[in-house]
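**Student:** Residue strings, one per chain:
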Amino acid sequence: MILPKISIIVASDKLDKLIPAVTLASSAAITGWEAELFFTFWGLLTLKKDYEPSEVSSDYKIYQEALEKAVASNSMPGWREVLAQGRKTGKLKIYACSITMGLLGVSEEQLDDYVDNIVGVAYFLNRAKDSDVSLFIS
Amino acid sequence: MKTDLVVDARFKSCPGPLLALAETVSKAKPGQIVKLLATDPGAPLDVKEWASGVGHKILKVEKTENTYEIFVEVSR
Chain V
0 MILPKISIIV
10 ASDKLDKLIP
20 AVTLASSAAI
30 TGWEAELFFT
40 FWGLLTLKKD
50 YEPSEVSSDY
60 KIYQEALEKA
70 VASNSMPGWR
80 EVLAQGRKTG
90 KLKIYACSIT
100 MGLLGVSEEQ
110 LDDYVDNIVG
120 VAYFLNRAKD
130 SDVSLFIS
Chain C
0 MKTDLVVDAR
10 FKSCPGPLLA
20 LAETVSKAKP
30 GQIVKLLATD
40 PGAPLDVKEW
50 ASGVGHKILK
60 VEKTENTYEI
70 FVEVSR
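Chains as they are written, first to last, in numbering that gives the first Met the number 0: chain V, 0 to 137; chain C, 0 to 75.
So that you can see chain C by itself, here it is in the shape it has in the complex (with noise of 0.2 Å):
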């Protein structure tokens, strides 16, 4: 999935994946997909709450190994 921003947040535990994927799209422009590595197995639930919370849109949750790639469009 054609990607424009990375946010790695592998090995850090809750809420740190949140905290750093919202200070990534809160400078993102609308339209932009923002992807997020974490470990952390509460993230996928956490960012689903945040996105609807805050209105953004999960494009797509992927799982490989041990890391999640959770794909978000920044709609403003």
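Only chain V is shown next, with the shape it has when bound in the complex (with noise of 0.2 Å):
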């Protein structure tokens, strides 16, 4: 059975962009699914080994509390969490933007170990071309 492939571009840092890039990428692949992350501009931010992401969208800063509490108190995977999680199936890349990386000053060594690739957009566009789904999430 040839299962579907989703790709996803994940263009910003906020949780409440990020923590929906990661579970649709995590599920799909736990499901069997192909997965690919493309971390481009603000996204890219979120591989670095000393960034934290803990803001979401400003036009939804009240929700900010309840989703630090949902987190804290495990009833909401944490994303990092799920993303290990997904990438252990072996079906979920990871690559970072190499466009962005010299715009915003990121060195490979900076990245997290989980990154699977530092590449540019004609790279990802052709591995995102066969996809079933393909989002921007920014």
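Because the hints were derived from the structure by calculation, they are not lab data. Positions of the beta carbon are idealized from the N, C-alpha and C atoms, including for glycine. Hints may contain errors.
Think about it this way: if two alpha-carbon atoms lie no more than 16 Å apart in a straight line, the pair counts; the simulated EDC-like pairs of lysine to aspartate or glutamate are [said to hold, decoys possible]:
#	chain 1	residue 1	chain 2	residue 2
1	V	Lys47	V	Asp115
2	V	Lys13	V	Glu54
3	C	Lys1	C	Glu72
4	V	Lys4	C	Glu48
5	C	Lys59	C	Glu22
6	V	Lys87	C	Glu48
Chain C stretches covered by chain V per the calculated footprint, using a threshold of three residues with CB under 8 Å from any CB of chain V [stated by the list, open to error]:
#	segment
7	38 to 52
8	63 to 72
Hints given; two lone chains; assemble the complex.
**Tutor:** Encoded structure:
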């Protein structure tokens, strides 16, 4: 049986964008799908070892506390935990956008170990072209 | 129903129940029956899609009070 593939471009470091992107990709991988995440612009920041995204989008600040409480109480899994479980399937790939690395002055050494590769847009497009689900989350 | 393993994912929101179930099933043996307890209303349909994707069998779904009991037979 050939299972579907999902490709997501993650362009934000806000938790209300990052968590859904990671949840979709990891849940897909756990269900047997292939999943590809391409982190670009502010989304790339979340791949830095020393960077902990902690904010929600400014329009939804009133829900920040509720989100923090849900994660702290373990009723909602943290995004890194969700990502790690998706990665364990071997079906979830994480790409860092090379152009953004230059723009934001991020070096390869600063990236988390779970980044599969630093790639350009042509590479990601080629990987994503046969996806059944393609999303841009920003 | 005979149950070999129980995953208690009550009060965990999506994708918590699915992650917990997948983790336990990955370590289980073929033929074993895993019971998932979940309160997340999305869990029954999520588990159904997951099971059909990875090839495990849902034997039964029951609802008691606010808790779903989902029995999964590990196929591989």
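**Student:** Now tell me if each hint is right for this structure.
**Tutor:** Against the structure, the hints come out as follows:
1. V:Lys47 / V:Asp115: This hinted pair holds, its Cα atoms lying about 13 Å apart.
2. V:Lys13 / V:Glu54: Status holds; Cα separation ~6 Å.
3. C:Lys1 / C:Glu72: Holds - the C-alpha atoms of C:Glu72 and C:Lys1 are around 11 Å apart, at most 16 Å.
4. V:Lys4 / C:Glu48: 15 Å, holds
5. C:Lys59 / C:Glu22: 20 Å, violated
6. V:Lys87 / C:Glu48: Not OK: V:Lys87 and C:Glu48 at ~19 Å, beyond 16 Å, violated.
7. 38 to 52: Three-residue rule met by the segment 38 to 52 of chain C, so holds; n is 4.
8. 63 to 72: Coverage by chain V is violated here, the residue count being 0 at a Cβ distance below 8 Å.
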